[in-house]
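There are 2 protein chains.
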Amino acid sequence: MKGNPITTSMIPSIFTLANLLFGFLALILVIEQQYTLAAAMIVLSVLMDSLDGKVARRLSVSSDFGKELDSLSDLVSFGVAPAILTYQAILYPQPDYVRYIGLGIAAVFALCGAVRLARFNMLNITTYFVGVPITFAGGFMALLMFFRNMLPWYIYLGSMLVLACLMVSRIKVAKLGK
Amino acid sequence: MKGNPITTSMIPSIFTLANLLFGFLALILVIEQQYTLAAAMIVLSVLMDSLDGKVARRLSVSSDFGKELDSLSDLVSFGVAPAILTYQAILYPQPDYVRYIGLGIAAVFALCGAVRLARFNMLNITTYFVGVPITFAGGFMALLMFFRNMLPWYIYLGSMLVLACLMVSRIKVAKLGK
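Here the protein sequences line up with chains A and B, keeping their order. Quick note, the first sequence lines up with residues 1 to 178 if you use the numbering used here. Quick note, the second sequence lines up with residues 1001 to 1178 if you use the numbering used here.
Derived by calculation from the structure, the hints in this document are not laboratory data. Mixed in with the good hints there might be a few duds.
[As the list claims (entries may be wrong)] Just the calculated beta-carbon pair ranges, DEER-fashion: (1) B/1151 - A/172: 47 to 57 Å; (2) A/33 - B/1100: 17 to 27 Å; (3) B/1172 - A/151: 45 to 55 Å.
[As the list claims (entries may be wrong)] Example chain B residues on the side facing chain A (calculated, C-beta under 7 Å, incomplete): (4) 1027; (5) 1029; (6) 1068.
Using N, Cα and C, we set each Cβ at its ideal position, and we do this for glycine too.
The following block holds chain A by itself, in its conformation from the complex:
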């Protein structure tokens, strides 16, 4: 492993880093108030996240490094970015009390995402998920953003809270696309 050159085993990590890059750009776009584009970046992250696993399995190069990098990227793209996007686009413009509760729930969403990732990595289970995957939770919040002219704010607040709880729950979720 020492001094590892760029090899086949690095290829899935390129998709994982693309996942992180799109998550990073989503945050930049939130600052620029480009909320639809920010949500689109998170959707691109979901795509990259599904590709890295597929490519790793196809090339038979799943690695601990890749798994670690995947978790790290997932927290940014599907935990932090959707929480900040939802807070800023939907909850920040609401009355003060909604804004403060919204900030709290957005933080809880990101924290629960981190707990889920840390716990799932530790369990080392590969056949099913324990708790709703953060990719689903973050992707769902990004998709909701495309309907923000139709849906009231409490749908966003409620979804974040429910998804946060489901991420740290002990519910077994079947893995798709294996």
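Since the structure of chain A is provided, determine the placement of chain B on it from the hints.
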């Protein structure tokens, strides 16, 4: 391990989650253009990050879960938050070409931070660091923010680039405070 209740082993994770929370708040404060406060949040994250390890060693409850959660929090607080803070506060107001290069280098800083964390976790070395720790890199960028009325923009751009390279370098760095 199953159904783990809140036990002594959970105490260090409270500090780790506080680290992540301050990183999350730093991002929110960047959006609100409160750059000094955002930098202060990152400094608080550094403090929390140094406490979680100390507490875990004192209580002899170092765990894989804690290590995972620590890496996840570190990427947000010391990779993503300082990069976005530096880009937004210092580089965004510059001429177009600085802004675009700045965005690229900020993204590289965050990505190199993730690679460093994934690689270091995989190596499982506990006596020294390989590459400059992300906590140092992110903490340094946060401290620089307090001098932003005195320093030119290229100090920030250069520091981010150098620190990004040092994080993924193979330099052995002594661990302090063991």
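Status of the hints after comparison with the structure:
Separation of residue 1151 of chain B from residue 172 of chain A is about 53 Å and conforms to the stated range, judged on CB atoms against 47 to 57 Å. Against the hinted window of 17 to 27 Å, the Cβ-Cβ separation of residue 33 of chain A and residue 1100 of chain B comes to about 19 Å, which satisfies the hint. At about 53 Å, the beta-carbon gap between residue 1172 of chain B and residue 151 of chain A stays in the expected band of 45 to 55 Å. With a cut of 7 Å, the hint placing residue 1027 of chain B at the interface with chain A holds, because the nearest CB-to-CB distance is about 6 Å.
Taken as an interface hint, residue 1029 of chain B does not check out: its beta carbon lies about 11 Å from the nearest beta carbon of chain A, beyond 7 Å. Among the interface hints, the one on residue 1068 of chain B holds; its C-beta lies about 4 Å from the nearest C-beta in chain A, closer than the 7 Å criterion.
The structure fails to meet hint 5 from the earlier list, while all remaining hints are met.
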